[in-house]
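Visitor: Each chain is listed here by its residues.
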Amino acid sequence: MMRGMPEQSSPPSDGGASRRGFLKTATVLIGGAIGAVLAIPIVRFVAYPVGRKVVRSAGEPIDAMAASALTPGAPPVRVELVAKNVRDAWTVASDVTVGAAWVSKTKDGKVVALSSVCPHLGCAVAFNADKKAFKCPCHKSEFDAGGKRLAGPAKRGLDPLPVEVKNGRVLITQVRYRTDTPDREPV
Amino acid sequence: MSKITDWLEDRTGYRAVLSTAFDERIPGGASFAYVFGSVLIFMLGLQFVTGVLLALYYSPSASDAWASVAYIQDQAAVGWFIRGLHHHGASAIIICAGLHMLQTAVWGAYKKPREVTWMVGVLMLALLLAFALTGYLLPWDQTGYWATKVATGIAGTSPGVGEQLQQLAQSGNEYGNLTITRFFALHVFVLPALLIGLVTVHIWLFRRHGVTPRWGKSDAALEGKVDLFWPKQVFRDAVAMAIVFAILLAVNFMTHGAGLDAPADPASNFAARPEWYFRPLFQLLKYFHGSLEHVVALGTPVVVAVVLLGLPFADRGSSRSPRARLKYLAVLAAGVVGIGMLTVLSFSEDASNKKYQAQIAESEKQADKARELAATYGVPPAGGMAVFTTEPGYRAQKIFADKCAGCHTGTDRQGPAIGPGYNSRAWIRAFLKNPSGDEFFGPTKIHKMKPVTLEAKDFDAVVEMVYAETGAADADAALVSRGKELFDNDGNCWNCHSIDWETTGDVGPNLGRRGSVDMLTEFIADPAHARWFGDNNAMPAFADKLSEADRRLLAEHILRLQAMPLPTTQN
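Those protein sequences? They're chains A and B, same order as listed. Using the numbering used here, the letters of the first sequence map in sequence onto residues 468 to 654. Using the numbering used here, the letters of the second sequence map in sequence onto residues 20 to 590.
In case anyone wonders, no lab produced these hints; they're calculated from the structure. Note that CB positions come from ideal geometry on N, CA and C, so glycine has one too. Any given hint could turn out to be false.
[Claimed, not checked] So the derived label-pair ranges between C-beta atoms look like this:
no.: 1; chain 1: A; residue 1: Thr564; chain 2: B; residue 2: Gly490; range: 27 to 33 Å
no.: 2; chain 1: A; residue 1: Ile507; chain 2: B; residue 2: Asp387; range: 27 to 33 Å
no.: 3; chain 1: B; residue 1: Ala568; chain 2: A; residue 2: Arg545; range: 30 to 36 Å
[Said to hold, decoys possible] A few chain B residues that face chain A, going by a derived Cβ cut-off under 10 Å, partial list only:
no.: 4; residue: Pro79
no.: 5; residue: Ile91
no.: 6; residue: Ile101
no.: 7; residue: Val258
no.: 8; residue: Phe301
no.: 9; residue: Ala370
no.: 10; residue: Ser371
no.: 11; residue: Lys373
no.: 12; residue: Tyr375
no.: 13; residue: Ile418
[Said to hold, decoys possible] In the DSS-like style, the derived pairs of lysine-lysine whose C-alpha atoms are separated by at most 30 Å in a straight line are:
no.: 14; chain 1: B; residue 1: Lys374; chain 2: B; residue 2: Lys384
no.: 15; chain 1: B; residue 1: Lys305; chain 2: B; residue 2: Lys244
no.: 16; chain 1: B; residue 1: Lys452; chain 2: B; residue 2: Lys384
no.: 17; chain 1: B; residue 1: Lys388; chain 2: A; residue 2: Lys551
no.: 18; chain 1: B; residue 1: Lys417; chain 2: B; residue 2: Lys469
no.: 19; chain 1: B; residue 1: Lys417; chain 2: B; residue 2: Lys305
no.: 20; chain 1: A; residue 1: Lys633; chain 2: B; residue 2: Lys564
no.: 21; chain 1: A; residue 1: Lys491; chain 2: B; residue 2: Lys22
no.: 22; chain 1: A; residue 1: Lys599; chain 2: A; residue 2: Lys622
no.: 23; chain 1: B; residue 1: Lys476; chain 2: B; residue 2: Lys422
no.: 24; chain 1: A; residue 1: Lys633; chain 2: A; residue 2: Lys607
no.: 25; chain 1: B; residue 1: Lys22; chain 2: A; residue 2: Lys551
no.: 26; chain 1: B; residue 1: Lys384; chain 2: B; residue 2: Lys422
no.: 27; chain 1: B; residue 1: Lys244; chain 2: A; residue 2: Lys491
no.: 28; chain 1: B; residue 1: Lys374; chain 2: B; residue 2: Lys388
no.: 29; chain 1: B; residue 1: Lys503; chain 2: B; residue 2: Lys476
no.: 30; chain 1: A; residue 1: Lys551; chain 2: B; residue 2: Lys417
no.: 31; chain 1: B; residue 1: Lys130; chain 2: B; residue 2: Lys22
no.: 32; chain 1: B; residue 1: Lys130; chain 2: B; residue 2: Lys346
no.: 33; chain 1: A; residue 1: Lys633; chain 2: A; residue 2: Lys615
no.: 34; chain 1: A; residue 1: Lys520; chain 2: B; residue 2: Lys388
no.: 35; chain 1: A; residue 1: Lys491; chain 2: A; residue 2: Lys577
no.: 36; chain 1: A; residue 1: Lys520; chain 2: A; residue 2: Lys574
no.: 37; chain 1: B; residue 1: Lys130; chain 2: A; residue 2: Lys551
no.: 38; chain 1: B; residue 1: Lys236; chain 2: A; residue 2: Lys491
no.: 39; chain 1: A; residue 1: Lys599; chain 2: A; residue 2: Lys574
no.: 40; chain 1: A; residue 1: Lys520; chain 2: A; residue 2: Lys491
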């Protein structure tokens, strides 16, 4: 071979197979370490709302209507439940409608409030005055005027809400229950 | 395992793709000089991930944006960490992009046949700056709001279509919901799509022409040492990524993520500063005034873009050696030095500007208060600024300013001054020494009360007794009972005052529970009640003007004042 001639082109000079193996392992480890450092905070950040009352209102009784507007034995009337103060993640708002209730007075003068949330999957039930029954528009569950289950896929009757009459006003406490369970568990 | 990969290979042909991706030949061997592009890809990927994560919480509206960012920053688990990575990551990208371009320039890698690769890179730099500009506004805090106003204001100075351009940039006549929804859409949809497109072209062109080895090596020498991308270069890339990532983590922890100012306040007079990489332009504008300012503001970016884009076409010599290209490198070096100097000047001017520093300190206080209120009470739907209305006592302060301040503060007072220290021991002492003083009954028609003249020890006792009536928990019981003795005897207070709450019709007001929340709530309703000032009263009755709840808030406000120190001028 003459002096000054370029060296013959050699195959990729990757050193020994063990060095290649080391580099591969080290690269994967570095990548894995960066991924792991990121993965933990990402999971925590994404899962933050799980099990947390992100939307909440003080569970105090809500002034829904005048007690005198109820006639004993008459069909239930629908009232909106307007909370004084609702916290929704970063927002705090006053006078927010948080739900609705059907209120009636029994013949012996007891005031009853039923949540409008169907215990099957959470649609809003409406009272049918002709049939004297609550009907759910979504999956045809039916309940009598007292909230007892008559037909359909619901696993329990309508949910009664805590109610009291004070100074002539009907005060209702808004409670949400888990849907599609036979027993009432507040959420 | 191999059965599964064989099946996958048969259906997809993925091995050929991997081979193309990883078995790239690198003539001259792997090098740390080549890591910048890979680090940039990694950092951009990190921006994508953290950006999507932030979008899980962020709400792009003028009324919600600040509140949602404060929620990320102060409430969501590790929100500050994610947001900090995104914020500091942007800075890291600008630095890495700068280094990448410098390396390319020094290596002469923009030369034929890689002119288009370089030009695509310059376009991507412009995109990065557009990302920075649009992202800066999104928190809708003071800095972002005011700095961006300056930027869109510059657009408004464009010749001819300036006004239309500004209205397009800010989406309408004023900053509002449309400004933020469009900045958001640009930042998270338009710019990323463009960037992905350009990155793809950039990498494709790079792979077409291969790496640009260091100058002055013969083809034979380069062919003599060829590495494959995987694993030798990837390992170097990974090390560089890990170093950049470690620095990013360290900065993020040291700064506890990105800052968040108080919510944007269009009424404030905020000293706006842009992000550090816009500081050179910001500083440059200080030296030009009038129409020249507009020329510089709009012209400088154009000049920089033309120089960078034109570089491969000006520097056409065949040698990539820096020594052969000193002329062009000198232009770039002058640019880098100029940018560096302007940046340093900008920061050092701010550092020595006492007024600006005071303003920063004040705005940091505002920010802390706003964020604490937001975390504790939430932000009302009216928007970020409304967070200040959630402060306990805010309503009372507002009522006081509306209904009371006219007569009880300032120089045109009609009644005693009410401010910090009112009804404190020091205030009572000063009052008893000079009831008709200007700070007390001076401005009123009540001048019958004589200064109390007692020996120091007895004077202390009377002060303590009056102080105790306010309901103060720290009153000294022994002093108080001595004070009561003096009240009924030698102090001669009893001549004009009662101290039992019930008695009416004395010459002076009944001092029972004077200055307590209950007494003040009733007193404000009807100061002319026979228990208090009767016929001497000139203060309006607020029974019909303020609800009992509001009067109580006001009374509590007055007790908060009592706990504050009395300004020394009144002692």
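Visitor: Let me make sure I understand: some of the numbered hints might not hold for this structure. Which ones are they, in numerical order?
Guide: 1, 4, 8, 9, 10, 11, 12, 13, 15, 16, 18, 19, 23, 24, 25, 31, 35, 36, 37, 40
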